[in-house]
Amino acid sequence: MRVLALATPEDPTQAIAAHAADPAVAFIAGGTDLLGLIKDRAARPERLLDINHLPGMSRIETFPDGSLRIGALVRMSDLAAHPGVRLRFPVIAEALLFAASGQLRNMASIGGNIMQRTRCAYFRDEDDLACNKRRPGSGCSARHGVNRNHAIFGWSDACVATSPSDLAVALCALDAAVIVRGPFGERSIAFSDFHRLPGDTPDRDNVLERGDLIVAVEVSANVPGRASHYLKIRDRQSYEFALVSAAAIVELEDQRIRSARLALGGVAHKPWRFAEAEAALRGAALDDAETLRSAISQSFAEARPLAHNSFKVELAKRAALRALQIAGARA
Amino acid sequence: MSSVGQATSRVEGPLKVAGEARYTADIRIEGAAHAAIVPSLIANGRTVSVDASAAQQAPGVVAVFTWRNMPRLNPTPKPWSHLHPHGQGYLPLQDDSIHYAGQPIALVVAATLAQATHAATLIRVEYEEEKPLVFGPDAVDEAFDPPQFLWPVNSSVGDADKGLAAAAVKIEQTYTTADRHHNQMEPHASTAIWGPDGSLTLYETTQHIFGARELAAIVLGVPPEKITVVSKFVGGGFGGKAYVWPHTLMAAAAAKQIGRAVRLQLTRANMYSMVGRQAATRQTISLGADQTGRLTGIRHESISPTSVFDNYIEYAALGTRSLWPATDGVSTKHRIVRVNHNTPTAMRSPHEALGHFALESAMDELAYATATDPVALRLLNDTQIDPHSGRPFSTRALGECLTQGAARFGWDRRSPEPRSMRDGGILIGQGVAAAIYTHWRWPSKARVTLRSDGTALVEVGSHEIGGGTYTVMRQIAADVLGMALDRVTVTLGDTRLPASHASIGSATMANAGASVMLAARAARDKAIELALRGRDAPLAGAAAEDVVVTDGVLSAAPTNVSATYAELMTRNGLQSLEGEGNYDPVEEANGPKAIFSFSAVFAEVRVDPDFGTVRVSRLLGAYDAGRIINPKTARSQGVGGMIWGVGQALLEQSETDPRMGRFVNRNLSGYLVPANADIPELDVLFVERFDDEASPLGAKGLGELTAVSVAPAIVNAVYHATGKRIRDLPVTIEKLM
Amino acid sequence: MVWRMGMLHVDLTVNGEARDLVVEAGTTLLEALRDGLGLTGTKKSCDRGECGACTVHRDGRRILACMTLAAMQEGRRITTIEGLAHGGDLHPLQQAFIEHDGFQCGFCTPGQVMSGAAMIEEARAGWPSAATADLAQPFGLADLSKAEIRERMSGNLCRCACYPNIVDAVADAAGRA
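Chains as they are written, first to last, in my numbering: chain A, 34 to 364; chain B, 448 to 1184; chain C, 5 to 181.
If you're looking for bench data, these hints aren't it; they were derived computationally from the structure.
Hints are not guaranteed to be accurate.
[Claimed, not checked] EDC-like cross-link-like pairs, simulated, lysine to aspartate or glutamate; straight-line CA separation at most 16 Å:
(1) B:1079 x C:125
(2) B:1079 x C:172
(3) B:1182 x B:1027
(4) B:679 x B:477
(5) B:1182 x A:268
(6) C:150 x B:1128
(7) B:1182 x A:347
Extracted from the complex, chain A is given alone in its bound form:
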């Protein structure tokens, strides 16, 4: 691997300054995504900042008002095992437990998890194939290639990749916020604004700028997360990225939906929030599958499947429905 140097910053300010100053520098925490990218030459940083020892970023805090703050260096396994998270945000615990493997969950950080790059086989190929994410302007091999695993929403001719993080789908549904510290101070980014659509610049997955460091993810007390579910569909029973996934959070009143939050994974370059469906679901009876289904369909007007993934349209609808029903049953 072509990594030439490693440094261990002692505080975030130092880390941010070093990152901001040099485009050849990357942060490394768990390393479970970055090192794969480096080996496949899909990322080519020359110097790495080992941020694992930065203080104050490894805490999980649950507050009496019901809100949650997750330090960016918290490991997936610790978050998934946290009793408060399991009780109050099953959608988070499930998204984590259905992801990766026990070993990877012990390594991977929460900040890194939501930064994961796409699993598009053309992007990952160590032979450096045409890919606009990898080499802007080189073209998209997947657009007319093997694209079963690719997007049905929001793709562009420049890129049809999907975002692989399960956790991100849950956090998107929860309206979480990404707390970022940069050279000019700290800011909060709404989760649905964190990841980007590919457009003409698919090399950028998210809105972070050079020098930006994710320090935490926050879930507000306004989202009652208990009646929630993360449903993941894949070919293999375990240790596989989602073909399609759905995160649902439901509030009921007399077995009718007072509010629903719904985000899908495996369908777009970012977690895909179902705003139209959420609106249409208000007032629907939880046991009225037909009404739920037709409400969900409201969010599919812009679905544009590719040559090999048209089945994802129906699969996504059914996944959303099942996730809603299971979440609702927990209310």
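Once you have looked at the hints, place chains B and C on chain A.
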């Protein structure tokens, strides 16, 4: 108690669980340089230029080889057979032509692997690209009749067309299977060390040490006796390490050129281009039957891809020649198509596992068409005469496999109608399939040495690829010698040992095992001879056939005189007694009996109809593999084979981008092999028959057999669950939605 | 903050012994263990975090040695398969793998064993898994069903496919532990 038939634990287990078993890449060679391959990005064409100047300047680089400076290699022999060296027509770095993506176009050798890998990225290649040939829908038009390399390409017994024309019920369907890769956990590796005397030692990930030696000798122009191939532990083979692939030849040639040992270990991605795969198939089956389901005619034709430089045939219709008889006739046919991938090779289970998917799916379709129970349909068509050769089967316990398997599986509780079994919203289905598997008879030599310390050494040039060779050879020798297991040591995996065959085709037990048995007998008989007629012969006067050996003690009833092996050797001034085993069977085709192993596989699946997800909830394999030497390791082969079948049925496919002609999913997150969570409890049942035609041990092949007919059993269960007949593997979500 | 370049020294504990590793910045822990320390029990198979063959313990937790850098292990306690047995006695899980025939070719076995040994401790610590029916309930070792073991061991691929035997071995060792 005889050590054969005992469920003993693997003798090398303590090494394997402690990380002390040394695989090829674990063997440290001081001063060895490391090599990295520069793969072709295109699948068809030629290199116009290969600029290695930057790589040559990179730190640690010792040499860069391209076709211009690679030593010229001698052509591989043709045609192939399993007795002759396995190699490809294509030899690496000999000219500028490119036949498949991932083909080596340069080899970088450096002091460390990191240096070689980095330098390899600095090489600039200019290509002249042509449109790649792929195995697409129009393959049928381009298929041609290949020359024979294993069995006859086509077969016809009786008049299949007549049987089909007159049939009351006819099934005619096309079934397809996907390209698949072996994905052994251990990547292929080769370390080549030349001695000052021109000798070559190859530490090699191979299932065929003698084949590797013979081929390396030919290609490198070195006498075979100057080459030693060592392979003590192989981290999975499944057929894919039986050939000599380009990396071995490159490592050896490069090492000679630079005068330094070279290690070349493939990356996981390399393994999807350079080292063979299971070819996809497109098969058409026609079954004709009377109203009761008795077969009147069978026609099975298969088309599969090969490389542009070799004629590999996937004999998918092979099993169809001998599994079921048809009153009027059976015909089979194979054709191949050239594509820009490397040459396919044997992969668990070659030929049979592909053909049985088609044949046993079609039999299931016939069962529904004739309203016959699928088990009963197979019992109705069972036979003791090989339909292909007309010879009687040596042993064929397929009927017992079906009936005993059905009883244990609870087949009588299955309701026959599709979609009639459920658990809430989940559809449940149960299916069955039968199988026949080729029995290979190959020569093997072995040596067994009794030593004066009361121990014995077994030497046989076979391999440990996971089948338990160290363990079962010890059992065989201990059984014949009448010694405790822990007194017997087995040595394998070195061409300085007595020559054996490749560990492929489930042949090791029946053939290498037979040679060990003969060698142990010869050693034991020498000791008996000493006991009867040697110095101070303790058993003088007894008949040789009355001598028994227990715990290393020879005695002959009714006398109570006895002597140990050690005492006999001491008494006769010997350090050791050697027995040679030379097992040289006639080829199966030339024998009086048709020899095959058989199985019946029962599957239960649970299908979520909303998502099209299939989960296997139960599998039972009932096997007629002759006598079982070690029920513990044999059961594990059954378990492993069934899981291979789950992969074939539901998960595995190597996808080719048709524009690029390259495999796309070249890693273990893209190519899905079954994970632990995919696998339920599995049931293994042995219907044992001592088959002395198959081997003096009574054993027939098992390892490959167990991966045959799992896929059709699962797919038949999916049909039973859903009413949907899937004729295209693997059964992925979109096919059931 | 210092940029460390060239050959880096890393002080860490490997199998109970203090070691001073000399590595490059880009050297993975896997390469350092195998090539630097000659601990070849830890296997390189996919080198991308997709198979589990390189599983080792870091401060008692199972991790993948191919997906972390050696230079990041300063002060850490690493255990490899060579360090799992105590004295001459195999770890109960190693013994159980032999008894239940939890391997064939044996190449993935060190990773399976290291994964299983740490996984039993995760279950004992009350960690749930994707197979856990109700995440809100506490989890205990007694809840470690075969379905739980299958899910928790799914990060270790075995191409010989000994999965049911691996599950039996882990269940046995968890019961004995």
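Hint by hint, here is what the structure shows:
Between residue 1079 (chain B) and residue 125 (chain C), the direct Cα distance comes to roughly 29 Å. Violation of the 16 Å bound is thereby established for this hinted pair. Annotation: proposed proximity of residue 1079 (chain B) to residue 172 (chain C) holds, straight-line Cα distance about 14 Å (limit 16 Å). Of the supplied pair hints, the one linking residue 1182 (chain B) and residue 1027 (chain B) is violated, its CA atoms being roughly 57 Å apart against a limit of 16 Å. Simply put, residue 679 (chain B) and residue 477 (chain B) have alpha-carbon atoms about 19 Å apart, too far for the 16 Å limit, and the pair is violated.
For the given pair, residue 1182 (chain B) sits about 12 Å from residue 268 (chain A) by alpha-carbon distance, which is consistent with the 16 Å threshold. Between residue 150 (chain C) and residue 1128 (chain B) the alpha-carbon distance is near 9 Å, which keeps this suggested pair within the 16 Å criterion. Of the supplied pair hints, the one linking residue 1182 (chain B) and residue 347 (chain A) holds, its CA atoms being roughly 13 Å apart against a limit of 16 Å.
Figure legend: structure checked against the earlier numbered hints; hints not met, in rising order: 1, 3 and 4.
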